[in-house]
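Chain by chain, the residues:
2 protein chains.
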Amino acid sequence: MEQEKLNNQRHTLAHLLAQAVIEHYPSAKLTLGPAVDNGFYYDIDFGGEKVTDADLQKLEATMRKNLPKWTAFTHQEVTRDEALTQFDGNEYKTELINEIADRGETIILYTCGGFTDLCRGGHSDHPVDEIDAESFKLDRVAGAYWRGDEKNKMLTRIYGLAFATKVDLDAFIFQQEEAKKRDHRKLGKELGLFIFSELVGPGLPLWTPKGTLVRELLNDYVWELRKPRGYQKVTIPHITKKELYETSGHWAKYAEDLFKIKTREDHLFAMKPMNCPHHTQIFDAEQRSYRDMPQRYAETTMVYRDEQSGELSGLSRVLSITQDDAHVFCRENQIEDETMAIWDIIETFYGTFGFKLQVRFSRHDPSTPEKYLGGEEVWAKAEGALKNLMEKKGITWIDGIGEAAFYGPKIDFIARDSIGRVLQVATIQLDFNQPKSFGLFCINEQGEKEQVVMIHAAIMGSIERFMSTLIEHYAGAFPLWLSPVQVAILPISDKHSEYARDVLGKLKASGIRAEIDDSRESLGKKIRAAKTQKLPYLIVIGDKEMESQTVTLEGRNDEKHEGITFDATLILLREKIDNKNN
Amino acid sequence: MEQEKLNNQRHTLAHLLAQAVIEHYPSAKLTLGPAVDNGFYYDIDFGGEKVTDADLQKLEATMRKNLPKWTAFTHQEVTRDEALTQFDGNEYKTELINEIADRGETIILYTCGGFTDLCRGGHSDHPVDEIDAESFKLDRVAGAYWRGDEKNKMLTRIYGLAFATKVDLDAFIFQQEEAKKRDHRKLGKELGLFIFSELVGPGLPLWTPKGTLVRELLNDYVWELRKPRGYQKVTIPHITKKELYETSGHWAKYAEDLFKIKTREDHLFAMKPMNCPHHTQIFDAEQRSYRDMPQRYAETTMVYRDEQSGELSGLSRVLSITQDDAHVFCRENQIEDETMAIWDIIETFYGTFGFKLQVRFSRHDPSTPEKYLGGEEVWAKAEGALKNLMEKKGITWIDGIGEAAFYGPKIDFIARDSIGRVLQVATIQLDFNQPKSFGLFCINEQGEKEQVVMIHAAIMGSIERFMSTLIEHYAGAFPLWLSPVQVAILPISDKHSEYARDVLGKLKASGIRAEIDDSRESLGKKIRAAKTQKLPYLIVIGDKEMESQTVTLEGRNDEKHEGITFDATLILLREKIDNKNN
Chain A
18 MEQEKLNNQR HTLAHLLAQA VIEHYPSAKL TLGPAVDNGF YYDIDFGGEK
68 VTDADLQKLE ATMRKNLPKW TAFTHQEVTR DEALTQFDGN EYKTELINEI
118 ADRGETIILY TCGGFTDLCR GGHSDHPVDE IDAESFKLDR VAGAYWRGDE
168 KNKMLTRIYG LAFATKVDLD AFIFQQEEAK KRDHRKLGKE LGLFIFSELV
218 GPGLPLWTPK GTLVRELLND YVWELRKPRG YQKVTIPHIT KKELYETSGH
268 WAKYAEDLFK IKTREDHLFA MKPMNCPHHT QIFDAEQRSY RDMPQRYAET
318 TMVYRDEQSG ELSGLSRVLS ITQDDAHVFC RENQIEDETM AIWDIIETFY
368 GTFGFKLQVR FSRHDPSTPE KYLGGEEVWA KAEGALKNLM EKKGITWIDG
418 IGEAAFYGPK IDFIARDSIG RVLQVATIQL DFNQPKSFGL FCINEQGEKE
468 QVVMIHAAIM GSIERFMSTL IEHYAGAFPL WLSPVQVAIL PISDKHSEYA
518 RDVLGKLKAS GIRAEIDDSR ESLGKKIRAA KTQKLPYLIV IGDKEMESQT
568 VTLEGRNDEK HEGITFDATL ILLREKIDNK NN
Chain B
18 MEQEKLNNQR HTLAHLLAQA VIEHYPSAKL TLGPAVDNGF YYDIDFGGEK
68 VTDADLQKLE ATMRKNLPKW TAFTHQEVTR DEALTQFDGN EYKTELINEI
118 ADRGETIILY TCGGFTDLCR GGHSDHPVDE IDAESFKLDR VAGAYWRGDE
168 KNKMLTRIYG LAFATKVDLD AFIFQQEEAK KRDHRKLGKE LGLFIFSELV
218 GPGLPLWTPK GTLVRELLND YVWELRKPRG YQKVTIPHIT KKELYETSGH
268 WAKYAEDLFK IKTREDHLFA MKPMNCPHHT QIFDAEQRSY RDMPQRYAET
318 TMVYRDEQSG ELSGLSRVLS ITQDDAHVFC RENQIEDETM AIWDIIETFY
368 GTFGFKLQVR FSRHDPSTPE KYLGGEEVWA KAEGALKNLM EKKGITWIDG
418 IGEAAFYGPK IDFIARDSIG RVLQVATIQL DFNQPKSFGL FCINEQGEKE
468 QVVMIHAAIM GSIERFMSTL IEHYAGAFPL WLSPVQVAIL PISDKHSEYA
518 RDVLGKLKAS GIRAEIDDSR ESLGKKIRAA KTQKLPYLIV IGDKEMESQT
568 VTLEGRNDEK HEGITFDATL ILLREKIDNK NN
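As you go down the protein sequences, you meet chains A and B in turn. The working numbering applies: residue 18 is where the first sequence begins, and numbers increase by one. The working numbering applies: residue 18 is where the second sequence begins, and numbers increase by one.
Isolated chain A, as found in the complex:
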């Protein structure tokens, strides 16, 4: 309801913008102006006139000046001819009017504040009362083809931001600016975490030693949480005959998203887009007794999707995706315990980074059964099981109808990062369908075959995407335990080098990732270099430290420990690392 109100405000502001445009550019031709995420836009043909970001201020001022006159919308049904007369000379509106009339629909003109536009409706009834004049802002000018078709004329699109309140608007602008500063593509390069190569191609990141270290620390952490819960690592090849995906159902649903390989012997192989079908084969290779259940297989491995190159972006959308995947094969009466264990892991893991989690219950859409495997009764059972669980857990959830995987419903976890952005992260999927397709069973207490259930449970999901999230969440300043370099040692001059190397050696021997900067630069320059690299700690070594055989430890957030012993330094660092603090 709130969202609908906000959409109406945004749409109304598109009208208000159009009126301001006509005031300043009487010969401009209006085309279309809808509400969109975060605001609205209007596409305009300015004829020969060039309108740029510099013109936005005056248009915004005119919108504010006119708003008080926008007391109430009225509308009027008109005939095709009346409409065509009203927009005479505007070929865009003419095209729209004729289309509406040809479809036999009613043509409606909406008027407010003395301005009339062809429109489907969806406005604030009383704009001046409903819209805070400070809650919107014209954002930028861009080019856009009429109706998005590059064969058509290029129009000028004016984007506006609009929110319910000025506070929301300011928060959004702040978030946008912060996001720009935190862009993982920029920071990834500056911090030397990953690279792209022209020769290897777009969408295929290569991870440097520093980036690999962070990935491995994260992956080890997931394993540290999984291992005590009985998970076991397995290893599968990255390709398969297509028969595997014909059985799993992936071929029918996703064949065009797969990287396909024709072998020298003319067999058709595919690179794996998911790991579940391969993992079923390991489960199925032996007869399993109820005493062997559950079997919990974990594997961090790459999957591949043949994405369009226009869709690729930094680490967020790549062709080769590393998943920290896991599949639990269990009996129906084990679903609850297994799901709760995964939930625990997810809460612990994301909590460590300060992410707040929301839950979405991603169900199938009964109106499009062709999108899913299995019948209604199977879906009812699977969704019922997850619903029970969420109720038992006593949480509220967002209802995600139509958001299920094709083989089963999911509990999706939505995180909010440090600048308030919302991201989908981990997922728990309950799957009765693949076990059926692959004929997976265990022998139960009665000596009968009993079909098993699969739970799909990635924690980070895509490590690439999680890395991009984490880089932006921390603006590159990773917590101590995750920092590729934890401590930089900065000798003030040459004569401090030997003692500095001594400290370096001792830190390294204690498992601290330390580096020395014994270049001939000034201390100021060394400190700036370390800060650019967002290093958690600096150890400055000068005469005083050398004489007293101590160090001065400086944290990146104004934390300073002057003249402490090496042992004290180590205890301080160790404690933070072990507790994943910072």
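Check before you lean on any hint, since a few could be wrong.
Put simply, identical chains are the same to the list, so a pair is met inside one copy or across any two.
[To be verified] Pairs of lysine-lysine, DSSO-like flavour, derived with a Cα cap of 27 Å:
| no. | residue 1 | residue 2 |
| --- | --- | --- |
| 1 | LYS250 | LYS523 |
| 2 | LYS244 | LYS551 |
| 3 | LYS543 | LYS512 |
| 4 | LYS542 | LYS512 |
Since the hints were derived computationally from the structure, they do not count as laboratory data.
Given chain A's structure and the hints, the job is docking chain B onto it.
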């Protein structure tokens, strides 16, 4: 020289076999009978007669009976017509004679012990003096098409084993029988280490939790040896645009062995057959100063080769190969230190398993320059560097002319396993060519660009192949530190279960991989099951142990510690694990 003498003996035995065949089957038509690895064969057209393994004994006896008459070979040059008359009615020899004559070559008939055959020569001059009658054995009968062409008639091939001495023959037969018992395909299944799936396809092993554990322990061990030597892990995608391999030279040399992918946008990608080209891109992403050198990148990752399915065999030949790969980018004056460091790792690693290593110096063949990148002077420099190094190390090496990689010479390590088989394992490759193709340099002390050198250094090489080697080397009885299950706990009856579970919990908490067998089977059966699984240790728990709160620890090799405390058990196991003993 020894080898030539042995080949002559083997070839002579093929003649001796042919004579015996004609004695028993006068209408048999002889075709061709060469020396081969481990012995010889003769392909024979027996007409309607069926000859099987059961007939070999009598043929072998006849060979032994005739050998004393084989005092000396004589030979005689004959005309085409003379030869055709000699072999009248034998269409195979007729075909061979006409070919030799058409090429304008001399036709020679060799005679010994009253038996004459068409032949190129290469015999023992005095068979009865040179050949030990007990040093050969007819091995088996197989089918073989005339001249290996399936369009031709199927002949009967009789294989013989032949060695310089009876001791060598017996050793070989023992080795063959042992090898059959140790076959990793059989043991891999019995021990539940890896599986193949019909749906995934041949040549694509899937690793169970147990197999994955062994792989990971091995890989961790390599890393344990690399880490203190300054190696850093990196991570690359498994695919690339073909441009990367055009630059590296792989496309020109190996395009047909690559798995190729046509993307939805019609770009040509390949799955990586090697990791070096990708690793160059990480090195090349930043400008490197001489102070940054060497850069040592390590990565355990899969590579892919489009092998013919007929070539695939267990883990020895697969389509997806896991390599524990590393590339060192260094300056020329760092080659020695870096190579010696790798050599140390290889010696330590293989020494742990009791493999004895020999070295082969794999050089390029100057007579086939088209097989290699780079000119003679580059090869002279690279080969000179490796030769110096081997001399410094004071070892003898096998000369492997023509065994180099296409980009540089190698030091190959050849291991001898527990049953005396010889296998190529680790390799150190020196590469001046790829750094040139990719333009890899560092800025030296003079501020100039200096081309770097690459050292390729896999320790296990293919983990799949190394696993097959290790399984067969140990006949599946992995040393304690590598065993997926280290200790089986066997309570004698139900009333011992609780104490047994107690011991299990304590072992697990101490990081020992233990399992309990509390099935209702007899103790004898439980012990047999544990022995079949080749478990290193059993703990039997009965009344005595329960009363005294001790355990009885039994090793698989008659080792027995009766009634020892839990702490003593732990110390004993821990010491062996930490020292990689057993």
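Structure-based check of all given hints:
1. LYS250 to LYS523: This pair counts as between: shortest inter-copy Cα distance 23 Å, intra-copy 35 Å.
2. LYS244 to LYS551: So LYS244 and LYS551 pass the 27 Å test across copies only (25 Å; inside, 32 Å).
3. LYS543 to LYS512: within (16 Å within a copy, 69 Å between copies)
4. LYS542 to LYS512: For LYS542 and LYS512, the Cα distance is within 27 Å only inside one copy (18 Å; across copies 73 Å).
The structure shown violates none of the earlier numbered hints.
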